[in-house]
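Undergrad: Listed below are the residues making up each chain.
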Amino acid sequence: MRCILTALGLLLSFVLNASDFDGIVKGKVFDKNTGEPLPGVYVVYGKNLGTTTNAEGSYTLKTSQGKLNITFQFVGYESVTREIFVNDNETIELNIGLEMRVREIDQVVVSANRTEQRIAELSVSMDIIKTSFLTENHITDAQELINKTPGIEVMDGQASVRGGSGYSYGAGSRVLALIDGLPFISADAGNIKWQFLPLENLSQVEIIKGASSVLYGSSALNGIINFRTADATNVPVTQIFTEAGVFSKPQNHNWIWWNAPRKFSSTSISHLQKFGRTDFGISGNIMVDEGYRRLNDETVGRISLKLKHFNSNVEGLNYGLNLNSGYNVKRDFLLWEDADSGALKQSPLTAVEFHGTFIAIDPFISLKKSNRYQHDFRMRIQSSLNRLPTSEQNNSDAFSVYSEYQLWYRLSDFLDLTAGASENYSKVGSNFFGDHHSLNIAGFGQFEMRPLDRLKAVAGFRVEYYTLDGINDKVIPIFRAGLNWQAADYTFLRASFGQGYRFPSIAEKFASTTLGSIKIIPNPDIRSESGWNTEIGIKQGIRIGEITGQADLSLFLMQNSNLIEFYFASYSEGVGFRATNLEQARVYGTELEFALIRSFGAVNFTATGGYSYIYPVDNSDTYKDTVIYLKYRRMHSGKLYLNSNWRKFDLGININIRSKILSIDDVFLNSFTRELFLPGFYEYWQNHNTGYIVFDTSLGYKINERFTISFAVKNLTNTEYMGRPGDIQPQRNYSIRFSGKF
Amino acid sequence: MKNLALLFIISGCLFAFACNKDKPSERFKFLTGPVWTTDSLLANGADASGPGQLLEPFKGDAKFKEDGTGYFGIHTGQWSFFSEETEIKITTDLPVFGSIIIPILCDIVELTSLSLKITTVVPNLANPQEPHKIRLTFKAR
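One line per chain: the protein sequences are U and Y, in this order.
With the numbering used here, the residue at position 337 of the first sequence is 337, and numbering never jumps.
Take any residue in the second sequence, count from 1 to its spot, add 1000: that is its number in the numbering used here.
Keep in mind that the hints were calculated from the coordinates and are not lab data.
Note that the structure is a prediction, hence the values are computed from the model and not measured.
One or more of the hints may lead you astray.
[Claimed, not checked] Straight-line alpha carbon distances no greater than 27 angstroms define the calculated BS3-like cross-link-like pairs of lysine-lysine that follow:
1. K26(U) x K474(U)
2. K1023(Y) x K474(U)
3. K519(U) x K1133(Y)
Between the sequences and the hints, there should be enough to build the whole structure, so can you do that?
TA: Have a look at this one:
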């Protein structure tokens, strides 16, 4: 009704004012993302004066001389207001791109079922991170980005979803990282190459919380993180930023080891454009971080390319090539010197310089007939070279070829089939791990059913075969099933069950080295780990007065067998760390997440956040009546992100809360060994393992339509806190960023 | 409200089902059932159970309790299975083999209701190049 009245008002005012004008304002209104013209957009100025756009998205206003505030309004899009000055007899051209306003509950994702789906209709828990979160919070490190997601902790590079993983010294990830649906983990250590993820050209990040092996195979035992890159649209888009920052002093002044403040900087560019029927994208980033810890600096450069061509002869056929590559030089931080004055100083005995080169080339071809079928064939040819100039015996070359074919077929109005096959061949050449080759072949199928109007069901299976150095592992069949029922217009209930497994990485099987006082012992007999998780949840759309948004509550339970963890003990091969199959692990818990949006006049306000509770225990027979917590887990974690913008200003506050770590390796507590590895750690741990709250803030100012300047303070209160033992997290740091989009 | 009730009923059933502990395995029952008594204690192939010898403190009875604690000769400590119950981790409360108080991983060579044989290698503090190869055999009492 309000729209009709507005339209009538506009029409009337237009008629009344038609004969009294001095200037002309005309232009086109289009969708900012796709470039498509938008017909029927209200173009309003003054008190209900204005017009609407025609079928081509064009409009013409005849107005009197003077200053004019023109507002462009359209259902489902963010309104835009422009201030212009019209001179006598002047014609001004004003073209406007409107940005679609997506309701949280209607967001489209692809990772959950490998096909496009509304997030509300999924049977599993999924989080979406929008790129605006990176920009607003000055995030240049993918680990930091993921670590700020409710229910997820990245501990020194190892991601854990809802307590499904602990910390295993950088080898073997139970969370699979993907770029555009293709695996992005190294063939040797089986870890995520965080530094080479193309953050500068993302559309969104999708995170599945729970076993996802049926769709994505080994390493997806605990979940997946899919980094989806942005495609070119009708409007060419170039984005840049350059940022510089500095670390302040830590709370404990005894830890200061530098003479001049430690600095960091980052510069990034991305460009997306269509050339006829070809999409083109290029992006790059250079990051230099001096590090707040001694012997812990890093320089990273990466570049990505995207090429996609739409065939003019065959409708729905497209093909192309993506490339992600990078080079980094860094020194990882392993052990501190001591807790009193050397917590931010790495022992020179463990400081190793590392030079990494990475390239992944992804050719693909796709044939799609809307609502009928889609064939996809994709490959990833990946090479990573690790060079350690001061300890060449630890050099490693890893090469892999991953390919997959996937068919999506609509069998009937209520039944879809997704099926496919994949292979992954890896070859590792290394003194550190030895020379090895492996082959992983899998077939998968999944049915999606809509037996009732509001009910969706999914059932899938996967069969996986793995051979390492010619020795065959057993064939593994796994299953998943899920339900989603739309109980009311904005209420969705879900339930799911999924199995998962993970083959041990080559590092876990064969790593053999000595780092300072730490000896790593190989374990060629280590077995695969497996598990399952089940979950029920409710997603509720919210509209309370002017507040819109969603809330999501889930209860989950996961259980793993033969969990692989590095364990310090006296083995046949000597005393040290060795990957070992522990017994049963069980984690259950609950998670609440929400996103709320409210406008107060010119002020837009957004609040997102979540709270996770987990209960992670060793479920072995031995501990039937005893509670033994799994290592490196926290029982409580919460996040709150508040963002508001007013005119040209944008203010953000990010709060992360985590409770204490429940349990760590005995080697750091045992009186026989603790001083050997981390001097002073035991006492520090007794006093400081208490949980923490960290505040990050940012303030942005839009200089004009294209450029923004922003200032961020991370760890505002200069909280002292630790990740894994000996890994003191960054103290307060400041950064300033200049960014542009045009 | 009806939907929420349904959700809670389903979740209650699911968690009640999931929280039921699995039955203990056969090997768990074999190990924790009897009190074991030492049959032979060998270090580098020779008996080392005599007075003052390396394995003397382990001589006598051993009990692996169901709660993960136990005693092994004069030592008390904790134990747990590793690697699909093919290994046992033993951590003693007091130093063993000189001054070792770190967990010791032992391979289970044989485990039946009547017999237990485990082997391990422990550091030789006097001669680090030649660690002790240990073999312990027990009989159910």
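Undergrad: Does each hint hold? Answer for all of them.
TA: The hints, checked one at a time:
no. : hint               : result
1   : K26(U) x K474(U)   : 69 angstroms, violated
2   : K1023(Y) x K474(U) : 25 angstroms, holds
3   : K519(U) x K1133(Y) : 20 angstroms, holds
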